[in-house]
Amino acid sequence: DAGVIQSPRHEVTEMGQEVTLRCKPISGHDYLFWYRQTMMRGLELLIYFNNNVPIDDSGMPEDRFSAKMPNASFSTLKIQPSEPRDSAVYFCASSLRLVDEKLFFGSGTQLSVL
Amino acid sequence: KQEVTQIPAALSVPEGENLVLNCSFTDSAIYNLQWFRQDPGKGLTSLLLIQSSQREQTSGRLNASLDKSSGRSTLYIAASQPGDSATYLCALGYSTLTFGKGTMLLVSP
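In the order they appear, the protein sequences are chains H and C.
Counted from 1, the first sequence has number 51 at position 38 by our numbering; the numbering is strictly sequential.
Counted from 1, the second sequence has number 150 at position 109 by our numbering; the numbering is strictly sequential.
Worth flagging that the hints you see were computed from the coordinates, not collected in a lab.
Below, simulated BS3-like cross-link-like pairs (lysine-lysine); rule was C-alpha separation at most 30 Å, straight line:
no.	chain 1	residue 1	chain 2	residue 2
1	H	Lys91	H	Lys37
2	H	Lys115	C	Lys42
3	C	Lys109	H	Lys115
4	H	Lys91	C	Lys42
5	C	Lys83	H	Lys37
Label-pair ranges, simulated between beta-carbon atoms:
no.	chain 1	residue 1	chain 2	residue 2	range
6	C	Ser53	H	Ile18	32 to 38 Å
7	H	Val25	C	Thr46	31 to 37 Å
8	H	Gln30	C	Asp108	46 to 52 Å
9	H	Ile68	C	Pro150	44 to 50 Å
10	H	Ser100	C	Thr46	24 to 30 Å
11	H	Ser86	C	Gly57	40 to 46 Å
12	H	Asp70	C	Gln92	26 to 32 Å
13	H	Asn63	C	Asn104	31 to 37 Å
All C-beta atoms in this analysis are idealised placements derived from N, C-alpha and C, irrespective of residue type, glycine included.
Take the sequences, apply the hints, and build the full model.
Listed below in C-alpha cells is the structure:
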C-alpha cells in the first residue's frame, strides 16, 4: 500500500478564499483522523471518522471548518472562508482500530493564508 | 483534559551516546501510548506502540516503557546515530491520541 496520501503538499491562498484539502487513507483502515500542527499548539485533533461516519468533531475550531468522508477511500477538509490564523500543517492519518493499533500519517499539507 | 509534556524540548548529543527522552502525562486513564518520529517537512512515523496490556516495547535500538502510576513514559535510544536526528513525539490516550510537543534530537558525528 502507498500509505496515506494527501494533496496538495503546499497551498498558498488569500484570506477569504475557500481551501479544500484531500486525503486517501490506507485501504482497509476503518478510522480516519484530521490533525493540525502549529508551533504554538503542537498537534491537535480536529475530527475523526469511523467507517466514513464523523464521530467526534469537537476539535474543529469553528464553523468555517468542515470535513466529509463520502466513501472509504476519500476524505476532504474544507475551510471557507480562510483566515491567516488557519496557516498550519494539516495532517490526515488512518488506523485499523481506534486503540491498540499504530496510527499512520500522510505527509501533510502546508497551508499558508495571506 | 489530558496534558502531555515532553522535556527537554531539544537535545544535542554526540554519536554513540545512549539517551533517554521523557514524556509525562496528567491522566493515567490511558489505553495505549505511541512514540512517533517526525523529520523536517515530513509526516509522523509510528516507532513503538505500547498496547493496553503492555508496559514496554522494543524495536532494534529503541525501547519504550510506560508507568501509568507515575504518569511517565520514556524512550531509550541506544548507540545513537546521526540518522536518529529528528523530533520525537509521544502520544497517548484512552481512545484518540493526545500529543506532546516533542523533543528535537540532534546527533552529531
